[in-house]
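Asks: Protein chains in written order, with the UniProt record's numbering: chain A, 1 to 690; chain B, 1 to 585.
Everything labelled a hint here was simulated from the structure, so no lab data went into it.
In this text, all values refer to a predicted model and were calculated from it rather than measured experimentally.
Warning: the hint list may mix true and false statements.
Unchecked claim - Here are the simulated distance ranges between beta carbons: (1) Glu-305/A - Pro-386/B: 36 to 44 angstroms; (2) Asp-234/B - Glu-634/A: 54 to 62 angstroms; (3) Asp-234/B - Glu-635/A: 51 to 59 angstroms; (4) Gln-494/B - Lys-595/A: 34 to 42 angstroms; (5) Lys-115/A - Thr-267/B: 50 to 58 angstroms; (6) Arg-245/B - Asp-108/A: 25 to 33 angstroms; (7) Gln-594/A - Glu-168/B: 17 to 25 angstroms; (8) Lys-595/A - Arg-495/B: 55 to 63 angstroms; (9) Arg-127/A - Asp-427/B: 47 to 55 angstroms; (10) Gln-594/A - Pro-386/B: 38 to 46 angstroms; (11) Glu-178/B - Gln-529/A: 37 to 45 angstroms; (12) Arg-457/A - Arg-122/B: 19 to 27 angstroms; (13) Arg-122/B - Arg-626/A: 31 to 39 angstroms; (14) Thr-267/B - Arg-457/A: 32 to 40 angstroms.
What the hints assert, rightly or not - To be clear about the criterion: a stretch of chain A counts as covered by chain B if any three or more of its residues have a C-beta under 8 angstroms from a C-beta of chain B, and this derived list gives those stretches: (15) 92 to 101; (16) 111 to 120; (17) 425 to 436; (18) 559 to 566; (19) 648 to 655.
As the list claims (entries may be wrong) - Cβ-to-Cβ under 8 angstroms is the rule here; a few derived chain B residues that face chain A: (20) Ala-56; (21) Asn-180; (22) Arg-182; (23) Val-185; (24) Lys-403; (25) Pro-420; (26) Thr-549; (27) Leu-550; (28) Glu-554.
Note that the Cβ used here is the ideal one computed from N, Cα and C, for glycine as well.
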Amino acid sequence: MVQHSYRIGIDIGGTFTDIVVARDDGLIETRKVPSTPDDYSRGIAQALKALVQEYSTTPDRITGIVHATTVATNAILEYKGARTGLLTTEGFRDVLEMRRLRIPVLYDLQYDKPKPLAARHLRLEVRERLGPDGTVRIPLNEADVREAARRFREDKVEAVAISFLHAYANPDHEIAAEAILREELDESVYTCRGSEILPEIREYERTSTVVVNAYIGPVVRNYAAALTTRLASIGVTCPVEMMHSGGGIMRLGSAVKRAASLVESGPAAGVIACARLVSGSNEPSIISFDMGGTTAKAALIEDGEPARTTEYEVGAGINLSSKLVKGGGYPIKMPFIDVSEIGAGGGSIVAIDKMNQVSVGPQSAGAYPGPVCYGLGGRQATLTDAFLTLGYINDVALAGGTFPLQADAGRAALNDQVARPLGLDLTKTARGVLTLAVTTMTRAVKAVSTYRGRDPRHSTLVAFGGNGPVVAAEVAKALGIRRVVVPRAAGVFSALGLLRSDVEQEFVRPSRRRAGELDDAGLAELYGQLTEDARRVLTLEGYELSGAEFRYAADLRYVGQAYELTVPARRLVFEELAELFHLEHERTYGHRSQKDQVHLINARLTVRLPLVAPPQRFGAAPPQRRVDRQVSFEETGTASIAVIGRADLDASPRRGPFVIEEYDCTCVIGPGQTARLDDAGNIDIALEAA
Amino acid sequence: MKTAETGAEKIDPITLEVIRNALASTADEMALIVMRSAYSPVVRDIMDYSTALCDAQGRVIAQGLTLPIQLCSFPRIMGFVRERYGSTLKQGDVLIANDPYGSGGQHLPDVYILKPIFVDDRLAGFAATVAHHTDLGGIVPGSVAIYATEIQQEGLRLPLLKLYEAGEPAESVFRIIEANTRAPVEVLGDIRAQIAACNVAEEGLRSLMARYGPAMLDRYIDALHDHAEAMMRDVIRALPNGIYRATDYIDGVGENPVPLPIVATVTIADDTIDIDFTGTADQVAASINCPISLPESAAFCAIRCLSQQDIPNCEGYLRPITVRAPEGCLVNPRYPAACGARGVVGYRVFDAIMQALAQVVPERAIGGSEGGPYLLAGGGVHEGKPFVLNEMVVGTWGARSGKDGIEGISNPAANLSNQPIEMVETDMPVEVLRYGLVPDSGGAGEFRGGLAFVREFRFLSDARFTLRGDRRDHPPFGIEGGGTGAPSAHLFIQRDGTQRHLPTMPMESFNARRGDIFRLTGAGGGGYGDALKREPWRVADDLHEGKVTLAGAERDYGVIFAADGATVDLPATQQARAARMGERT
């Protein structure tokens, strides 16, 4: 008998932990198991133990685990991070609290500002000062650092972030200060410094990033230790890798060091799964659409590459666009896949106010108590209850019959709380609620497309997550998108993405040169240093770099601007980079300047170690009983509609309306839409031109 | 249910919400485009600009997440657009204006760029933007000299002009602008950013038109205005009728300032509010005169803040509000009054109205904030190259009912940002020595006012600089017995150690030598309620966080701490407070 080996992708959510197993011959299987929020590692160990038994194999045949987790994000949202201190330049301990002043709402005199993650009495100043070019104006006062260490000790600080002015230009003072802290503080105290985590200009954003990193560092470290111990206890000793927000994977050790890079690991995994789905398919523009219980998320993928950003705020409630609506959360400036997230998910609460304004979200019933129809104690009508009313989802049970629903309670809640007060009939109300939610969700899609100067109508929407395929066609219709793809394993797609990710890390070096002073030789030198940095770090982490791809990019702007655009740097010729920048500027903002000088701000390098794995194929779907049901569409009214399985589709287009029900999600095909199965088993939906 | 009947068909509340969201996201998108493609630190970092979308009649239908005090000025300038251009506008036209006299501007640096949007040859709406430009000429870099006495000294006046005509740039206008600014790269770059935002709005409105058709969209836009109006009237109707008057002051200009009263009389009559500025100081021979566009905007903004509901930010909500000011006074100056530094008066208008409202609905008002942006403007030549420094600093809110004021925040009437210190030091020959909070500076109260900020600069090159501040002689007010915030300060410390307090609004500019220091301290926020009723644990928290000192806790709050300097000595505190109460009666 062949002894197979297995790689396992694990994505932890609030209710379910999604598990995808890839056998060494490419066979893919999926599982949904309950999460164990008191200690997530327990649920993982239980699930792996069960899998080992089920496959009649031994724990050592699990050869790789790739993991996405919300532990980092939750620590911030629930203010359960470490007791964090900040060591900073004399005169500037309040930079963290002053922030950038702006807030995300107008005319609201009752506004509350997020409290700093390092309290003021734990923000200590030391004498030292650098100039903007990194020259030392005041040497580091070591006695001040030791005194600060004493106070941190007294206050039982668990983590210290170090952030000095202009440290991006010269890390020496921060390095020296960290060494002293390491001498003075207990080994268990986590330390990190701005010059290491984010060597970029702008003191608030850098300080915020390094403070977030310190705040969640010990949480991630403890989680990693618990996970390693749990796995060892069941005999699993393979390396564990984590997905970072930039869409690559890294060793557990790096994740502990760069804890802040974990906050969007789950959503990033979904986008990566989309990118891999279309790589090599000549699909120039994809918008990923991931909708779960609390939020809907969208990201843009062009030529197989997800759009990226370095501006992100964690804990800002629900971000519409992470770029303008600033000040509501804690900025992290690190490579992120540019995922825009909006508060419209299955659990979003439907409400009307005194003036009969209807809203869907951003308040959410979450996983618990969840929608009324879950029967777990939820009382307020939710979007899921509206889906149910329209017949979009099964009204008996979800998850292949394992999760029973209380449909009547869901309909009644929507009727009593919304329809009756508005004087509308229930179906019309449910339809209206869906339309409103769709409008909200289109803003997430627009944030990554029209806001960036891209027309979504030229894109294909790839829908996944528990609720994505339910509404994807409606969202597409609202935006004029003509094609929707629902991939295999859409309901656990992020976990699948974990197994399709490459090892990937990004490195940045600021250019010290003024505009006009950088010649091609200087450019080559800068990128040469950057490459050395990357080789050193990755080799240290134990990676073999022979198959690595090195992708260079440049952050450029016109002299006088404050925001850069990033262009690929395939050839290190400044004139060519400048021309690429002019083009990108025109594309993004609709204009370019011939007169103004182009200034290189940062050199970037992404090192990718491509995944070596056999082509994946899916095991047969478990059998499922499906019954036709009443479904309401705007165009056709309420009628009995066929409910089928994915396998009932074939390569020839089938005309809607009908519903495809699967173990992990439901896909609704409306009137005027057709769906077919492509060679890879994806559902390919075509919409009529508007 | 509430359905505004405009025409035969009913308004569906869900569609109304859909359209409202689509309009709002377009206005936000405009703001984003400006920020990311602008050139000047004032626009790109401080974010002193605003965006809005207007309907075909020029009525604002959505506002970007920008500056309230600018946003509410669009209705006036759109009135001039209607009056001046009526139905003669063509597709591809772009209008520009900054002139406060006869064109609806505020002061010369605030340049409005407006674009009519056509769908199938029919005027469908307007994109509207305004941005604070780095320099429009005049006697000083930055175009804000308090000592200017008439607008002709302040720079280039642009009455409502066509910057583009049917898609063709008006080259002569561009060239005049280029020749009249000290910072042509920044000014022209920022104008391009504003136009880019207008183009985005054009796309957005066109796609909405395509989706709903002009007739239906018009009907829903009317309904949106009606809806906002109804909500605003509900808010006002809940207030007791009456006449509420409050006076706040500008410290005055020069070395020996004469206080300038701003008088706001707020009359609430059923579902309408009238705001009258009669009694306000006459216009002055300095540039703090405030063309009516801004006071009106500040008034709309203050009333809008009264509502704790999500009223659509369209012009309908203004219908129940009237604003009046006698001609020739500080808040409605006659030509040719200079107005470069008028902002300070605008913020004081907001404050005066807030104090009047606090007499009726203190629980919805806010104590005095830092007073609006403080400005340090200067320039010189460093290493052979000229530089223009523009620091605009804000930072503090007064206390609210049930909540302390906030420190490290923009004035409630302006959603400005701060310039990163590392950017300032990279671009300018100055070193920032300190940026932080001042303990004990928040107005005492059951709820404490926000702390003042301090920002200290060392000049690394000889420079000439000028200032605009306020709130030294008339610090930010408290509400319901709350104390005033700490006064502001302009401290100039020369290299040789001599120190001197500069006027809040000097009628001159100063020479700084390399190594001299300027310390700018804003005013603290006003408190709310009786300081002796502040829960002692809050004072202990503030002490722990270094926001009040031991001495301040005792002096301002009557809270006494035990010998450990951290635990409240409750009996001693009760005794001290009782004694303090006794002294009052």
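Asks: Starting from the hint list further up, note which numbers the structure goes against and sort them upward.
Replies: Hints 2, 3, 5, 8, 9, 10, 13, 14, 19, 20, 21, 22, 26, 27 and 28 are the ones this structure does not satisfy, whereas the remaining hints hold.
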